[in-house]
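Protein sequence lines correspond, in order, to chains A, B, C and D.
Sequential numbering of the first sequence, starting at 1, is according to this note's numbering.
Sequential numbering of the second sequence, starting at 1, is according to this note's numbering.
Sequential numbering of the third sequence, starting at 1, is according to this note's numbering.
Sequential numbering of the fourth sequence, starting at 1, is according to this note's numbering.
Don't read these hints as lab results, they were simulated from the structure.
Incorrect hints may appear among the rest.
Each computed BS3-like pair below joins lysine-lysine, with the alpha-carbon atoms no more than 30 Å apart [unchecked claim]: (1) B/Lys46 with B/Lys65; (2) B/Lys46 with D/Lys68; (3) B/Lys151 with D/Lys6; (4) C/Lys6 with A/Lys46; (5) C/Lys16 with A/Lys65; (6) A/Lys127 with A/Lys46; (7) A/Lys127 with A/Lys65.
Partner residues aside, some chain B positions facing chain A, computed with beta carbon under 10 Å [to be verified]: (8) Ser12; (9) Tyr17; (10) Gly29; (11) Val35; (12) Ala87; (13) Ser102; (14) Lys119.
Just so it is clear, CB atoms sit at the ideal spot from N, CA and C, and this is done for glycine as well.
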Amino acid sequence: MDVIRVQADDFSLATEYEACATEAGRDCGAVAAFVGLVRQADDDAKVVGLHLEHYPVMTEESIEKIVHEAHQRWSLQHIRVVHRTGALNAGSQIVLVVVASSHRPDAFAACEFIMDLLKTEAVFWKKEIRSDGEVWIKSTAGDYDRRDGWKNTVASSLKR
Amino acid sequence: MDVIRVQADDFSLATEYEACATEAGRDCGAVAAFVGLVRQADDDAKVVGLHLEHYPVMTEESIEKIVHEAHQRWSLQHIRVVHRTGALNAGSQIVLVVVASSHRPDAFAACEFIMDLLKTEAVFWKKEIRSDGEVWIKSTAGDYDRRDGWKNTVASSLKR
Amino acid sequence: MASRVKVNVLFFASLKEDLGVSEIELDVSMLAGRSDLLDALTNELGTECVAPLLAENISIAINRNIEKGDFSLEAGDEIAFLPPITGG
Amino acid sequence: MASRVKVNVLFFASLKEDLGVSEIELDVSMLAGRSDLLDALTNELGTECVAPLLAENISIAINRNIEKGDFSLEAGDEIAFLPPITGG
C-alpha cells in the first residue's frame, strides 16, 4: 500500500525511506527520493516563509490520482508522498516523494513525474511571505511545460 | 565541498541528507537522492549477494570527474556520493547519491546523470553471487544508451 | 417555483482573503446551474464581492470534482471556488 | 641494451581471478611501450596466462590514467589491467 499524507507536522526522510524499503521488499533495487524545501532567496526579495493551504479530501484525492498514474506508467513497488500545509519558515521541508522500483530508470522517472504533477495538479495554494509583502504563487510556464512533457511520453513505451 | 566516499561500511541516507542540507545552505529548495540496493531477483537465478571491487584512488578520481561534470551542467549547491565495496548481501545498500540545488529540475537531472555515469564510467567491478554461480557484471546496452543520451544534451542549454 | 435546497460554498486561498469568508451556506433552487449559483452568491455577498469568483482562472468543484461545464445542484452539495493551484 | 627499470603491474576483478595474482613487480627496459610490456608479461607468466590480458575489452591504465594508444614506461610506474567497469 502506498502512503499519501497531508500534514502540518514536519516529516523525516529517514523514517519514510526505511518504511519504503520495508514495503518494497527484496526485489527493490532502486529508491529515488526528493525533498522540496522553502528557499530563502527568490529574486531580490527575501522569502521569510510560506503559507500552504489545502482542501481536505480533495487534496488527498488529487495526489492519489497522480500516484495511480505513476503506477500505470512504470513498474514501481512502493510510493510515499508527504506534503505539509500551514505556516513554514524558510529552510523548512515542504514535500517528500519516495519511490521504490526494481530498476533505477523507473524510480527516477516516477519520482520526477510525481513532483512535476504535484506542482500543477495537486490541490494546494502556496503564499510566499516575503520581505516586501505576501504573494500567492502560481505554477509557472515551465511547470506546465514539464507536466505537458509527460503527456507526450506514451505510458506503454516507458513500461519495461 | 562535495563529498565522495568509497567504503566497505554501510551508509545512512539520513546522515547524508542532513549533511547535505547543512552544506547547501538557505538557497536550497530541492534535494534529490538515490539509493541503489542489491536486488535478490535477477531473471531466474536468485542473487545471494554482490562482490564489489575497486581500484583505490583511480576509483575516487573517476567519481570526482563525474561530479565535476554535473557541476558544469547544472546549478548545484552540494553533491554527495557514497559507494560501497566488498561483500554485500541481497537487500544491502550499494550506492547513494544526494544532490542539492535551488530548483528541482537541476537536482533531479544531476542525480540521475551521476547515477547513469557511475554505471559506465566509475571504476568498479561487480560480481553477482547467484544460486547458480558467480558472474562478473558488465554494463548493459541500456546503460551505455543512457550515458550517451546525456552527451547529446548540450550543457549550456540545460544551465539556467 | 422550484423547491429550495441548502448547499455549502467554500472559498480558498486568495478568494478566502478577497471575500473575507471561507465558507457560507446558501439557499438555491433545486437543480440550480452555474448561473443560478452565481446569482444567489451575488444576492448574498454583493456584486463587487463576487467579482473575484468570476475570473477566468477560477475553477468550481462540486463535491470535490472540478466541473468545467454546467451542473445541477442538489441538497447538501459542497461547492468550492478554487484559485489556480500549485503544490510541491 | 636499454637500462632496466622496475614497474608494478596490477590485475583487477576477473583478470585477478584468471591470473591468480593481483600484483606483480616487473623488470622492463626504460621507455618500454605496450608490446614490450606484453612481452615481459609473457616471459614472466607464460603465453596462456597472459591471453586474458589481450582481450579487446581490457583497458590499460598507467598511473591511473587509461592509455588507449602506446606509452613509454618509466621507473616506478603503476600499470593496471582493467576488465570492463560497472559501478552504481
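Verification of the supplied hints:
1. The straight-line distance between the Cα atoms of B/Lys46 and B/Lys65 is roughly 34 Å, outside the 30 Å bound, and the hint therefore fails.
2. Note on B/Lys46 and D/Lys68: the hinted pairing is violated, with a Cα-Cα distance of about 37 Å set against a maximum of 30 Å.
3. Of the supplied pair hints, the one linking B/Lys151 and D/Lys6 is violated, its CA atoms being roughly 40 Å apart against a limit of 30 Å.
4. Distance check on the hinted pair: C/Lys6 and A/Lys46 sit about 45 Å apart at the alpha-carbon level, beyond 30 Å; violated.
5. Of the supplied pair hints, the one linking C/Lys16 and A/Lys65 holds, its CA atoms being roughly 26 Å apart against a limit of 30 Å.
6. Taking the CA atoms of A/Lys127 and A/Lys46, the gap is near 14 Å; set against the 30 Å cutoff, the hint holds.
7. With a C-alpha separation of about 24 Å, the suggested pair A/Lys127 and A/Lys65 falls inside the 30 Å cut-off, and the hint holds.
8. Checking B/Ser12 against chain A: minimum C-beta separation of about 8 Å stays under 10 Å; hint holds.
9. A distance limit of 10 Å between C-beta atoms decides the matter here; for B/Tyr17 the minimum to chain A is near 5 Å, and the interface restraint holds.
10. With its C-beta approaching chain A no nearer than about 4 Å, B/Gly29 sits inside the 10 Å limit, and its interface hint holds.
11. Of the supplied interface hints, the one on B/Val35 holds, with its beta-carbon coming within about 5 Å of a beta-carbon of chain A, less than 10 Å.
12. Violation of the interface hint for B/Ala87 is found here, the shortest Cβ-Cβ separation to chain A being roughly 17 Å, above the 10 Å cut-off.
13. Taking 10 Å as the C-beta contact cut-off toward chain A, the hint placing B/Ser102 at the interface holds, the least distance being around 6 Å.
14. Hint on B/Lys119 holds. Least Cβ distance to chain A is approximately 9 Å, under the 10 Å limit.
Hint check: violations occur at hints 1, 2, 3, 4 and 12; the rest are consistent with the structure.
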